[in-house]
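Q: The lines below spell out each chain.
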Amino acid sequence: MIFAIKRATLFLSIFTTAAFSQTALQQQHDYAICLYNSEEYFDAITEFKRLLFFDGKNEFTFEANSMIGKSYKAGAKFDDAIRYFVLAQIAAPSKDKVFETQIEIIRCNILRRTTDRALRILSDLEADPSFINNKAEINYWRGWALMFDDRWKDAAAEFKKIEKAHPLNAIAENINEQIYSVTLAKSLSYIIPGAGQFYTGHYFSGALSLAWNILWGYLTVNAFIGNRIFDGLMVGNLLWFRFYRGNIQNAEKFALEENLKIINNGLKYLQNEYNGEKP
Amino acid sequence: MKIISILFFCYSLSFAQSQLFNSPQEVKKFADYLYCEFDYLRAAEEYQKFLRTDKNDTVIFKSVLSYYMMDRFSDVLNFSVSSSRNFVFYDDTQFLKLISLFRLNMFNEFDTTAALIKMIGSKLETNSEKLIRFTFLMRDSISSKGFIVSPFDETEKTTIEKFYDRKQNPHYKSPLLAAVFSSIIPGSGKVYADKLGDGIFAFLTTGVFTFLAYDNFKADHKFRGWLFGGLAGLFYAGNIYGSAAAAQIFNAGVQFNFQNDIQIYLTKKKHYLPEYDFCN
Numbered sequence: 001m002i003f004a005i006k007r008a009t010l011f012l013s014i015f016t017t018a019a020f021s022q023t024a025l026q027q028q029h030d031y032a033i034c035l036y037n038s039e040e041y042f043d044a045i046t047e048f049k050r051l052l053f054f055d056g057k058n059e060f061t062f063e064a065n066s067m068i069g070k071s072y073k074a075g076a077k078f079d080d081a082i083r084y085f086v087l088a089q090i091a092a093p094s095k096d097k098v099f100e101t102q103i104e105i106i107r108c109n110i111l112r113r114t115t116d117r118a119l120r121i122l123s124d125l126e127a128d129p130s131f132i133n134n135k136a137e138i139n140y141w142r143g144w145a146l147m148f149d150d151r152w153k154d155a156a157a158e159f160k161k162i163e164k165a166h167p168l169n170a171i172a173e174n175i176n177e178q179i180y181s182v183t184l185a186k187s188l189s190y191i192i193p194g195a196g197q198f199y200t201g202h203y204f205s206g207a208l209s210l211a212w213n214i215l216w217g218y219l220t221v222n223a224f225i226g227n228r229i230f231d232g233l234m235v236g237n238l239l240w241f242r243f244y245r246g247n248i249q250n251a252e253k254f255a256l257e258e259n260l261k262i263i264n265n266g267l268k269y270l271q272n273e274y275n276g277e278k279p
Numbered sequence: 001m002k003i004i005s006i007l008f009f010c011y012s013l014s015f016a017q018s019q020l021f022n023s024p025q026e027v028k029k030f031a032d033y034l035y036c037e038f039d040y041l042r043a044a045e046e047y048q049k050f051l052r053t054d055k056n057d058t059v060i061f062k063s064v065l066s067y068y069m070m071d072r073f074s075d076v077l078n079f080s081v082s083s084s085r086n087f088v089f090y091d092d093t094q095f096l097k098l099i100s101l102f103r104l105n106m107f108n109e110f111d112t113t114a115a116l117i118k119m120i121g122s123k124l125e126t127n128s129e130k131l132i133r134f135t136f137l138m139r140d141s142i143s144s145k146g147f148i149v150s151p152f153d154e155t156e157k158t159t160i161e162k163f164y165d166r167k168q169n170p171h172y173k174s175p176l177l178a179a180v181f182s183s184i185i186p187g188s189g190k191v192y193a194d195k196l197g198d199g200i201f202a203f204l205t206t207g208v209f210t211f212l213a214y215d216n217f218k219a220d221h222k223f224r225g226w227l228f229g230g231l232a233g234l235f236y237a238g239n240i241y242g243s244a245a246a247a248q249i250f251n252a253g254v255q256f257n258f259q260n261d262i263q264i265y266l267t268k269k270k271h272y273l274p275e276y277d278f279c280n
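Protein chains in written order, with my numbering: chain A, 1 to 279; chain C, 1 to 280.
For the record, the hints were derived by calculation from the structure and aren't laboratory data.
Do not rely on the hints blindly, as some may be mistaken.
[As the list claims (entries may be wrong)] DSSO-like cross-link-like pairs, simulated, lysine-lysine; straight-line CA separation at most 27 Å: (1) Lys77/A with Lys167/C; (2) Lys57/A with Lys29/C; (3) Lys29/C with Lys77/A; (4) Lys161/A with Lys95/A; (5) Lys28/C with Lys57/A; (6) Lys153/A with Lys253/A; (7) Lys153/A with Lys164/A.
[To be verified] Covered stretches of chain C (in silico footprint by chain A; criterion: 3 or more residues with CB under 8 Å from a CB of chain A, positions within the stretch not fixed): (8) 25-36; (9) 214-225.
[What the hints assert, rightly or not] Pair by pair, the computed Cβ-Cβ distance ranges are: (10) Ile132/A with Asn257/C: 54 to 62 Å; (11) Leu234/C with Ile192/A: 27 to 35 Å; (12) Ser123/A with Cys36/C: 34 to 42 Å.
Glycine included, every Cβ here is placed at the ideal spot set by N, Cα and C.
Bound conformation, chain A alone:
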């Protein structure tokens, strides 16, 4: 009888400890999730790390690492975020979770502008037969990676693969049409000084550039016609050539500046107006 009571007590104590520990971990998990949902990312990371530390049976390894990664990402700490997403990926319980985590890593790479890395992971996912049904999602994130890499035409092509009328396809194509060709701006200025500036809408600068080149060109030619070879060489080299080169560099600078404005406006539009998933 005493033996039976002892056994029952022992069983009860083991059971209670196990149940209590399970509840405690679950409570810890819920608390951390709650902090994450209330955008208290720093505290959320601390509590998820506490969960990981006390989770002896590794029941929450995947979720805790994944949530730490998400919290770091929300705080723009992309390197740390990737580190934890990789840990989550190692502990992922299913192929779906592996894919989900890989996408998170890709999104971090897009945001920290390591586009090559993002594209490489996307290619690896595409080559993996397990993810044959996730083609649309792969194309979607490839499109985003290309947009962040200023390859708007390629990005539009990726979105077109998902759906012809994909809203991002139209946006990417529109931005691609607005972008100035740097090569064209430079080439125009090679042929007619100031033309590159006119092409990018900088009319005053273009006119000024043209005027300087006409002045120094006239003096150079005039010196050669008047047989003042030394004068011609010096004015040509030190003034005309300098202004001619400056005009080409100027045209390139304006094209790049204008493109930056267009791209930033495009990204701002995507951030504020686009309702789909973003990196």
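Dock chain C against chain A, hints included.
A: Same frame as chain A, but now just chain C:
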């Protein structure tokens, strides 16, 4: 509103959160884990949490060390620790405060603290003496070479002597002299200020424009003569000013490189902070 209600819910959850993970011993264990994971910010927070209910010399020191590892020197200085010699890490903590003052370039406070804490006889006496010598090298006034190199052993002595010599003879260039040189021979001031390429370019440009002005005046092309003459004058005056500025930039560079080299050397030496292995 949504976030506030979630937050309220979180706080109610935090009350329910198990005491299992928040007992002082568990908090300490978790803090140690964070410390060894190099997550010093959270480790410091957890150590603070532990110290609210418990006292432990190692925890106090690790807390200060965590702030130091994050380069949060003001927090190191503001950390109130026992001034009693019974505190196991008394010398180490005081030394950390000295390094923090040094790294914040607060040399006057460094002197006051160094005089107050008296590291003489402590295990870190030599280390603090070395740091004190570096404060002399970083400041305008300087003592004798013998005094500066005295705490360093043979392996370091040569480097410290070199630092001392650089401090004593900084090889500055005179901006006035650079301007005078350039007014006599255009570009020579720039060469003197260690800008050989700029000097040659200035000499050629000023020379060529002067010649062009002379040549055009000679040929009775007055407009071009004035144009090139004006350009030559502009280059000549600009070059004189540029030479003086180049000398000043050179001097700032000498000062910057000297301080930078000291910082690099001290970083390599970890500011003479002993190695603490709390993770193995």
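Q: Decide, hint by hint, whether the structure agrees.
A: Quick rundown of the hints versus the structure:
1. Lys77/A with Lys167/C: 42 Å, violated
2. Lys57/A with Lys29/C: Holds, at roughly 18 Å.
3. Lys29/C with Lys77/A: With Cα atoms ~26 Å apart, Lys29/C and Lys77/A stay inside 27 Å; holds.
4. Lys161/A with Lys95/A: 24 Å, holds
5. Lys28/C with Lys57/A: 21 Å, holds
6. Lys153/A with Lys253/A: Since the Cα atoms of Lys153/A and Lys253/A sit roughly 22 Å apart, the hinted pair holds (cutoff 27 Å).
7. Lys153/A with Lys164/A: Holds: Lys153/A and Lys164/A sit about 14 Å apart, inside 27 Å.
8. 25-36: holds (count 5)
9. 214-225: As far as the segment 214-225 of chain C goes, the hint holds, because 4 residues have Cβ atoms under 8 Å from chain A.
10. Ile132/A with Asn257/C: 54 to 62 Å: 60 Å, holds
11. Leu234/C with Ile192/A: 27 to 35 Å: 29 Å, holds
12. Ser123/A with Cys36/C: 34 to 42 Å: 37 Å, holds
Checked against the numbered hints above, the structure breaks only hint 1 and satisfies the rest.
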